[in-house]
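Each residue of the sequence shown is one higher than the last, beginning at 1 in our numbering.
Note that these hints are calculated values from the structure, not bench results.
In this text, a Cβ means the ideal position worked out from N, Cα and C, and glycines have one as well.
Do not take every clue at face value.
Straight-line Cα separation of at most 25 Å, DSS-like style, residue types lysine-lysine; simulated pairs [claimed, not checked]:
#1 K239 x K296
#2 K135 x K282
#3 K201 x K217
Here are the computed distance ranges between Cβ atoms for each label pair [claimed, not checked]:
#4 Q234 x N175: 21 to 29 Å
#5 G221 x P73: 39 to 47 Å
#6 E120 x M281: 20 to 28 Å
#7 D57 x N175: 25 to 33 Å
#8 T297 x R193: 36 to 44 Å
#9 E299 x S69: 35 to 43 Å
#10 M197 x A56: 25 to 33 Å
#11 R211 x E131: 14 to 22 Å
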Amino acid sequence: MKHTMKLIATLAAASILAGCNTMPRGSFANNQNIMSPTNTYKPFPAGQVQTHGVKADYSHALIADPTGSATSPNVERYELREGDCAGPDCTGVGNRKNHYRERTERAYQPTGLASNIGSEVWYGWDVFFDEKTAKNMTGRFNTTLGQIKAGWINDSNVMVQGGCGAPLVLAKYSNSGVRLELAASNVGAAVTRYQPMSKPKPRDLANKWHRWELQIKWSRGNDGIFNAWFNGEQIANYKGPTYQLCNLEPMKFAQFKTGIYATHKYTGMDFDRQNTKPEEMKDVRVVLFDNVSVGKTREELFKNKD
């Protein structure tokens, strides 16, 4: 298998390539560089990873495929337990006051043309969860399994999001079904939602892999593109602006995030109770990711598949 690509990232199971065990098992530290000095393969492609949310020993790991049906020998495993919040996520801040958020995510810092504004980019990822997780990711929560956010690099060479970094694309799972959301404008603006024809609920996807693929040209003008496929079915065919600027920082790139992000709007609830529940009473969500990748063409998404 060739490892010479410059603008492609296969960050899930394919991150451990045949004969190249470059990514350790277990949880990942913040800003861990997952590049091996002896391997020319460069994940996403700079190799810098940031962990967002709770960083418990169970939050994230690379494991042997437990499903027997993944296309790679190893997959990423994320686990989110009830009460897994950190900082303002536990109480809500600003216009998100009263929004309680739980998350275990990884954000990949892109470089080069693959995610710059004005470029055409392809994204792809596979997802798997069981029926228990399907039940626990709905109800009071809206759950996101994959998102793209605006961002920029500050003077300290640190990836920044917020304000202009509002979500651009969200893969959402809730009682109302599974859908993609495109928020081409600023926070609070209208969101366009795209669903498969069958309008599946999370329970309909339990115990089997499903796949998202996106083709996006990031633009403020009418030359923007947003095409999306769910298990091979095209669910979005949009042309027009795919992002807008706010008055803070100019958008420099699109930040790709995988993992589990859950939100719940509450009124007067004491979320300390969530954190003090006995472990056996907490809702647990476990989600597997495979073939997380980005490239300039769809073909590049599969170049490094095992």
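Hint numbers contradicted by this structure: Hints 3, 6, 8, 9 and 10 not satisfied by this model.
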